[in-house]
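Participant: Please construct the entire structure, taking both the sequences and the accompanying hints into account.
Keeping their order, the protein sequence lines are chains H and R. Quick note: the first sequence, position 452, residue 452 per full-length UniProt numbering, numbers continuous. Quick note: the second sequence, position 286, residue 286 per full-length UniProt numbering, numbers continuous.
Each statement offered as a hint is correct.
Any copy, or any two copies together, can satisfy a pair, since identical chains are not distinguished.
As a list, the in silico EDC-like pairs of lysine to aspartate or glutamate whose alpha-carbon atoms are at most 20 Å apart:
id, residue 1, residue 2
1, Lys-83, Asp-465
2, Lys-121, Glu-76
3, Lys-459, Glu-76
4, Lys-200, Asp-465
5, Lys-459, Asp-205
6, Lys-370, Asp-453
7, Lys-83, Glu-461
8, Lys-200, Glu-461
Just so you know, these hints were derived from the structure itself, not from any lab.
If you want the building blocks of each chain, they are given just below.
Protein chains: 2
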Amino acid sequence: MRFNTLYFQASRRFLTSLAVPKRLPFGVLTGKDVGFFENVVGKANVRTQELDDFNKDWMNWYKGQSKCVLFPSSSEEVSAILKHCHDNKLAVVPQSGNTGLVGGSVPVYDEVILNLRRLNKNYSFDSSSGILQCDAGFILEELDDRLRTEGFMMPLDLGAKGSCLIGGNISTCAGGIRLLRYGNLHANILGLRVVLPDAKGSVVDFGSPLQKDNSGVHMHHMFVGSEGQLGVITGASILSPPAPTSVISAMIGVQSFAGCCAVLRDARRFLGEILSSFEVMDAATMQCLEENEQLHNVLTSSPNFSLLIETSGSEAEHDEAKVQCFLEYLMENEMATDGVLAANKQESAFMWKLRETAPLSITKDGYVYKFDVSLPLNHFYELSDAVKERCGDKVHRVVTYGHMGDGNSHLNITTKEPSFEVENLLYPFVFDWVVAHGGSISAEHGIGQMKRDYASAGKSECIGDLARSMKKVFDPQGILSPYKMIM
Amino acid sequence: MRFNTLYFQASRRFLTSLAVPKRLPFGVLTGKDVGFFENVVGKANVRTQELDDFNKDWMNWYKGQSKCVLFPSSSEEVSAILKHCHDNKLAVVPQSGNTGLVGGSVPVYDEVILNLRRLNKNYSFDSSSGILQCDAGFILEELDDRLRTEGFMMPLDLGAKGSCLIGGNISTCAGGIRLLRYGNLHANILGLRVVLPDAKGSVVDFGSPLQKDNSGVHMHHMFVGSEGQLGVITGASILSPPAPTSVISAMIGVQSFAGCCAVLRDARRFLGEILSSFEVMDAATMQCLEENEQLHNVLTSSPNFSLLIETSGSEAEHDEAKVQCFLEYLMENEMATDGVLAANKQESAFMWKLRETAPLSITKDGYVYKFDVSLPLNHFYELSDAVKERCGDKVHRVVTYGHMGDGNSHLNITTKEPSFEVENLLYPFVFDWVVAHGGSISAEHGIGQMKRDYASAGKSECIGDLARSMKKVFDPQGILSPYKMIM
Chain H
1 MRFNTLYFQA
11 SRRFLTSLAV
21 PKRLPFGVLT
31 GKDVGFFENV
41 VGKANVRTQE
51 LDDFNKDWMN
61 WYKGQSKCVL
71 FPSSSEEVSA
81 ILKHCHDNKL
91 AVVPQSGNTG
101 LVGGSVPVYD
111 EVILNLRRLN
121 KNYSFDSSSG
131 ILQCDAGFIL
141 EELDDRLRTE
151 GFMMPLDLGA
161 KGSCLIGGNI
171 STCAGGIRLL
181 RYGNLHANIL
191 GLRVVLPDAK
201 GSVVDFGSPL
211 QKDNSGVHMH
221 HMFVGSEGQL
231 GVITGASILS
241 PPAPTSVISA
251 MIGVQSFAGC
261 CAVLRDARRF
271 LGEILSSFEV
281 MDAATMQCLE
291 ENEQLHNVLT
301 SSPNFSLLIE
311 TSGSEAEHDE
321 AKVQCFLEYL
331 MENEMATDGV
341 LAANKQESAF
351 MWKLRETAPL
361 SITKDGYVYK
371 FDVSLPLNHF
381 YELSDAVKER
391 CGDKVHRVVT
401 YGHMGDGNSH
411 LNITTKEPSF
421 EVENLLYPFV
431 FDWVVAHGGS
441 ISAEHGIGQM
451 KRDYASAGKS
461 ECIGDLARSM
471 KKVFDPQGIL
481 SPYKMIM
Chain R
1 MRFNTLYFQA
11 SRRFLTSLAV
21 PKRLPFGVLT
31 GKDVGFFENV
41 VGKANVRTQE
51 LDDFNKDWMN
61 WYKGQSKCVL
71 FPSSSEEVSA
81 ILKHCHDNKL
91 AVVPQSGNTG
101 LVGGSVPVYD
111 EVILNLRRLN
121 KNYSFDSSSG
131 ILQCDAGFIL
141 EELDDRLRTE
151 GFMMPLDLGA
161 KGSCLIGGNI
171 STCAGGIRLL
181 RYGNLHANIL
191 GLRVVLPDAK
201 GSVVDFGSPL
211 QKDNSGVHMH
221 HMFVGSEGQL
231 GVITGASILS
241 PPAPTSVISA
251 MIGVQSFAGC
261 CAVLRDARRF
271 LGEILSSFEV
281 MDAATMQCLE
291 ENEQLHNVLT
301 SSPNFSLLIE
311 TSGSEAEHDE
321 AKVQCFLEYL
331 MENEMATDGV
341 LAANKQESAF
351 MWKLRETAPL
361 SITKDGYVYK
371 FDVSLPLNHF
381 YELSDAVKER
391 CGDKVHRVVT
401 YGHMGDGNSH
411 LNITTKEPSF
421 EVENLLYPFV
431 FDWVVAHGGS
441 ISAEHGIGQM
451 KRDYASAGKS
461 ECIGDLARSM
471 KKVFDPQGIL
481 SPYKMIM
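Facilitator: Shown next, in the form of structure tokens:
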């Protein structure tokens with residue numbers, strides 16, 4: 001077991017060392033509150049013991065001290081709970097699959113945990129429009145499986161799909177491996193049912209289950225990516241794309257990052273509308289996979305960069321011809337050291353296993369400092385070099401992989417043991433560097449607790465005030481997920 | 001000339017007959033104000049005479065009485081203007097190409113007109129990411145032309161592309177003919193520069209020119225589709241898709257609307273990722289084109305519905321094979337009365353001419369009552385039947401065409417002369433019918449002045465209050481585009 005309690009506390013202190021917020025003057029949960037909640041959701045759905053799994057995030061980086069987890073199963077129950085919390089000024093943290101990486105879905109102090117996993121009753125799909133309407137508590141993979149039986153798919157896919165819930169995906173604007181093709185969730189969320197923590201516990205339908213609706217301010221988009229700060233998403237209307245009938249994967253070796261950019265440019269040209277993923281792993285990622293997981297690259301040229309490219313289309317023969325033509329072009333023009341086209345599902349699955357095991361493999365080095373940044377492509381890999389230069393041999397490995405097609409780099413620095421020195425070298429250096437180079441300090445993971453103190457970096461001065469004013473409109477008592485994105 | 005002044009006034013009275021709002025206690029423009037504006041934008045860019053083109057919309061449905069049009073050329077100038085208007089409580093209406101259909105871009109009373117067409121200096125494009133950054137005053141077609149020289153395109157296309165400005169497109173969340181493929185503007189707008197009408201005339205960058213940015217509330221989406229109620233968009237970061245190298249059009253005749261739905265379902269299956277448009281025109285549309293424009297359908301079977309389908313792809317041979325296979329399937333299964341595949345650009349252009357001339361052709365009947373609604377497909381064409389039954393021979397024609405692939409119907413009722421009787425038959429009947437059948441009273445045209453009184457129909461009770469509270473955050477004096485979407 002890598003994380004014991006002491007270790008856990010140390011790591012938490014590290015990551016919030018700049019400013020641990022004080023507990024705000026919220027109410028303190030009483031037996032009367034618990035009784036009220038039991039009336040609303042039933043005694044079996046109020047949990048006041050053995051709460052560790054809900055108080056902690058799955059990385060064991062953050063731990064709150066909530067005394068109570070509630071499991072509502074309808075918007076009406078959520079409404080009654082939030083109205084009560086509003087009236088009694090009890091702080092609340094909405095929790096979906098609790099698969100986040102920034103401490104957003106666990107309490108900081110004693111917030112009531114509103115776990116949404118029982119909110120999974122309503123499901124309807126219209127195959128003529130591709131519009132899914134469902135409760136927020138469905139597991140992403142379950143929705144995807146259901147849609148595939150009708151020839152459709154969910155417009156997002158990510159590592160945590162087996163346990164994350166769609167409501168959490170939406171409230172964090174989750175990204176993942178096919179954003180390049182299907183767009184971010186703003187492209188696909190048509191409407192949301194949201195419960196507000198106001199005096200009425202208002203249940204509000206924002207947007208609609210229609211592809212086009214210009215009949216008012218498009219307020220549902222405010223809840224996409226606002227990490228549960230403004231309301232609790234209890235249902236969604238989602239535009240689902242047709243599922244591809246042909247999926248092809250290929251791995252391509254490239255020696256320079258500039259070369260990777262050239263391959264991306266030509267992938268867009270040759271593969272056009274069928275390009276669905278463009279992932280990068282650097283040599284350090286591959287070394288880590290070999291050393292820690294005994295997984296070997298399918299490429300034999302030991303390239304500095306391995307690009308995992310996927311196409312999704314509706315006609316296998318056409319797609320294969322396009323990919324073949326693209327790979328031949330790369331070889332003829334000496335743009336790649338070597339390339340492997342997956343011959344079947346097993347080979348394809350293995351390529352994806354390399355990519356998807358990368359996050360796990362680095363944890364086996366000891367301790368990991370994780371970054372999830374967006375950068376313009378001309379600076380994408382420079383960051384890795386800057387960190388290597390700054391940290392030298394004080395760190396074990398500097399590993400970069402990520403969704404290159406989206407400009408999203410997952411930079412990871414590993415050490416054998418947690419180290420204040422390395423922490424001080426990295427924070428706020430990496431964030432400052434990213435902002436100075438026109439990037440974002442959070443591409444897809446969000447702000448949560450982890451990046452709270454950096455969230456305003458590089459932004460227009462009044463953004464914070466506007467966000468606080470907006471929060472006041474939807475959450476007048478400020479009880480939703482305090483101490484996080486909007487402070 | 002179809003519209004004389006008398007006529008114009010009558011039609012305006014019709015369309016806002018339910019509740020003409022009173023002028024609010026805003027300031028009245030003085031010579032001192034004009035002097036201030038001249039200092040900011042230069043004397044040549046303040047216009048106080050011959051303002052008809054700016055006070056009226058292009059359909060001649062609405063006319064305001066502004067005394068002053070300003071032509072700023074930078075965010076800083078817009079800022080100085082809005083700060084002054086805030087301080088003096090002068091109402092302002094932002095105006096882009098003034099091509100809207102709901103009276104949103106013209107003043108209702110004496111609002112200062114902030115015309116944004118000179119805001120077209122900054123333009124930059126990153127071909128590695130496909131991200132365009134530009135001022136809000138560029139003409140849509142000009143941006144599209146520029147991007148095409150680099151192998152990219154604008155993610156939207158609409159009839160007014162030669163005169164509408166991108167800022168107006170964004171603030172109205174314009175739809176158009178390829179939304180099916182490239183998504184609505186929420187899918188493609190990554191960031192916005194907005195000037196707020198607050199005490200500072202704050203210039204704020206919301207979002208960023210990055211494909212993924214989860215570093216705060218995604219506030220830029222609030223301005224997409226809010227019709228200039230919350231701030232003035234002066235610049236945008238836009239994700240541009242690669243331009244297709246192969247575009248194919250086909251017209252297909254179908255006898256029943258249920259048959260059209262079946263064709264759409266199979267188009268998604270056979271054409272998958274290359275399907276870029278799916279438009280419908282009913283028999284009345286074709287009759288109108290023949291009688292008023294002497295344009296004849298390319299289909300010889302005189303079908304009840306003509307479907308115009310377009311594909312956009314990266315490999316002509318593959319696309320042609322897919323379309324051929326699809327058309328053969330339709331014929332073999334007797335799903336179409338006949339079909340024509342455009343053999344060349346001229347034939348394709350003619351098919352689109354039919355579709356794009358439809359809005360003009362109906363105006364030649366005399367007077368037109370226009371509706372732009374979203375409906376679930378199972379009710380899409382029922383509306384036309386309901387209107388025919390209700391109006392009988394009191395109307396000349398009931399014409400339906402639209403973006404069927406998006407569930408967006410353009411229903412048009414024509415009469416020889418404007419008629420109170422017909423007006424009373426249609427309003428609010430059509431809106432009520434649409435709401436009762438799960439649709440939206442505005443799919444893409446917006447609310448503006450035209451639908452102000454109906455905007456809350458079918459919505460959650462507190463939506464209006466929330467919108468007003470949001471407006472208060474961004475526009476504390478309520479000076480931006482009053483008497484329209486948010487009242």
